[in-house]
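A.B. asks: Just so you know, the sequences run in chain order A and B. So that you can map any letter, position 220 of the first sequence is 220 in my numbering, and since no number is skipped, the others follow by simple counting. Plus 1000 on top of the position in the second sequence (first one is 1) and you've got my numbering.
Keep in mind that the hints were calculated from the coordinates and are not lab data. Take these hints with a grain of salt, some might be off.
[To be verified] Non-contacting residues of chain B with respect to chain A, defined by C-beta distances greater than 12 Å in every case (computed): (1) SER1068; (2) LYS1071; (3) ASN1092; (4) ALA1121; (5) LYS1136; (6) THR1144; (7) ALA1175; (8) LEU1184; (9) GLU1187; (10) VAL1193; (11) THR1213.
[What the hints assert, rightly or not] Below, computed lysine-lysine pairings styled on DSBU-like, alpha-carbon distance capped at 30 Å: (12) A:LYS215 - B:LYS1133; (13) B:LYS1118 - A:LYS205; (14) A:LYS215 - B:LYS1125; (15) B:LYS1133 - A:LYS205.
[Unchecked claim] Beta-carbon label-pair distances, calculated as ranges: (16) B:SER1102 - A:ALA175: 38 to 48 Å; (17) B:LYS1071 - A:GLY110: 50 to 60 Å; (18) A:GLU156 - B:ASP1199: 18 to 28 Å; (19) B:GLY1128 - A:PHE213: 41 to 51 Å; (20) B:LYS1133 - A:LYS98: 32 to 42 Å; (21) B:ALA1067 - A:PRO142: 17 to 27 Å; (22) B:GLU1114 - A:ALA231: 35 to 45 Å; (23) B:GLY1072 - A:GLY103: 48 to 58 Å; (24) B:SER1102 - A:ALA140: 38 to 48 Å; (25) B:LYS1125 - A:LYS177: 20 to 30 Å.
Glycine residues also receive a C-beta, built at the ideal position from the N, C-alpha and C atoms.
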Amino acid sequence: MSSPPTEESAPQPAGIVERLVRDDLDRKRFLKMAGSAGAASFGAFVMAACGSSKKTASTAAAPAASSSTSSASSATGDVAILNYALTLEYLETAFYEKVIAAGFYKGKVGSLLKSFGQQEASHVAALKAAVMKLGGTPAAQPAAKFPIENATQVAELAYTVENLGASAYLGQAGAIKSPEVLASALAIHSVEARHAATLATLVKKSITPDGAFAKPADMSTVLAAVKPFLA
Amino acid sequence: MTYQINLDEVDADGAIREAADAVSGDTRLSFLKKAGVAGGAAMSGGAVLSALAPSAFAATQHGRPPASFGKGDVGILNYALTLEYLEAAFYNGATAANLPLSAQAVAFLKIVTEDENKHVAFLKKALGSKAAKSPKFDFKGANTNAEMFMKTAQVLENTGVHAYSGQALNIKTPAYVKAAVSILTVEARHASVIGLLNDPSGKEIAPNGPFDTPLTASKVLAAVKATGFIV
Chain A
1 MSSPPTEESA
11 PQPAGIVERL
21 VRDDLDRKRF
31 LKMAGSAGAA
41 SFGAFVMAAC
51 GSSKKTASTA
61 AAPAASSSTS
71 SASSATGDVA
81 ILNYALTLEY
91 LETAFYEKVI
101 AAGFYKGKVG
111 SLLKSFGQQE
121 ASHVAALKAA
131 VMKLGGTPAA
141 QPAAKFPIEN
151 ATQVAELAYT
161 VENLGASAYL
171 GQAGAIKSPE
181 VLASALAIHS
191 VEARHAATLA
201 TLVKKSITPD
211 GAFAKPADMS
221 TVLAAVKPFL
231 A
Chain B
1001 MTYQINLDEV
1011 DADGAIREAA
1021 DAVSGDTRLS
1031 FLKKAGVAGG
1041 AAMSGGAVLS
1051 ALAPSAFAAT
1061 QHGRPPASFG
1071 KGDVGILNYA
1081 LTLEYLEAAF
1091 YNGATAANLP
1101 LSAQAVAFLK
1111 IVTEDENKHV
1121 AFLKKALGSK
1131 AAKSPKFDFK
1141 GANTNAEMFM
1151 KTAQVLENTG
1161 VHAYSGQALN
1171 IKTPAYVKAA
1181 VSILTVEARH
1191 ASVIGLLNDP
1201 SGKEIAPNGP
1211 FDTPLTASKV
1221 LAAVKATGFI
1231 V
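Let the hints inform the model, and build the full structure from the sequences given.
C.D. replies: Here is the structure:
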């Protein structure tokens, strides 16, 4: 973790973004399948975002300094929401890296946690690219610390972190202006919910802790909750 | 990447087809075969829910539900309500059948039955006098056989996730966007847990990888039609 992860260094499983970027056939199939202006522009958005970040990876990889030299939009609106999401995804990615390194879980659960971590890394890459696509500066990766001392604690914390992520995205859904950004956020959001619910089975908690309607969490609540994890 | 419900997917051993055949004879069987096996042709040929007007496929510009569901947000909510009717009826039937399920699957069934019925109630209330009536369902044994129940539940829940994410961008009223995303979260939680129960390797937790793929209404309706569950 000596340097911020770049598009190149972030592990990317064969998820939709990678497939869309790398595979012409898949891209055509996706656009055909999506068929709608909304979904098609989501695909185009993701592709454009990833494409532009690839071309400029050498410069874009520079950490976002405190000085905001880019457009004024970087501090407000959708860019701010994307950077907020990016920060949470950085923390989640760091969490899974530390968990895997600690080696409390092997076998099926271990590989499950590893795949969740890889998916979070894909979210990081997508969100960074999206921020740049909107002309903003991606938030810097925060230094993270997690109390990882035993397996039970790890599972409980994973459950907490993923639930927080899911409710954080939900909390922003009404505030996002751009349809493309909303589409991206939703595509990520439901995966966070998937992680949270399956981790719930591991720690024997409710898979739907809010019942039939998931509750959103606002930015200040979420940031207060993650504060202990910032080193 | 193409994702649709078809009989080959939910009916690995042909039990649905056999049941349908026994009930309705050859006509039913050949219809189901056409819908399931030749799913692609059925979709482009304008197969829609029998509850809907045949003009359904005209209204796919933004992947919206067909006009027969109603205009604007009413149409989208009625589309969601129809999918929730289907899920609720499926789970109510499964609950009544007292299936020989694992303890985890019993817990899952209890939660999803409660949640889907609440989603129905919420959408009906939101729509008031404009609420669509419930279609009639015939699950052809898919919710009275433990193995088929598990497989079908996974397909239905994932379809729910992709249906909601496909419409979130089309909704105009902010309160309904929030409600839809809140329900989407819960569907994603259900989908991941049944995915894990069916495949302990965890591959089905997030079948699209790090980003859930939205589906247009026409794709979803074609997939639902292909099951033959709506009579």
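A.B. asks: Name the hints, by number, that the structure is in violation of.
C.D. replies: 4, 7, 8, 9, 10, 11, 15, 19, 20, 21
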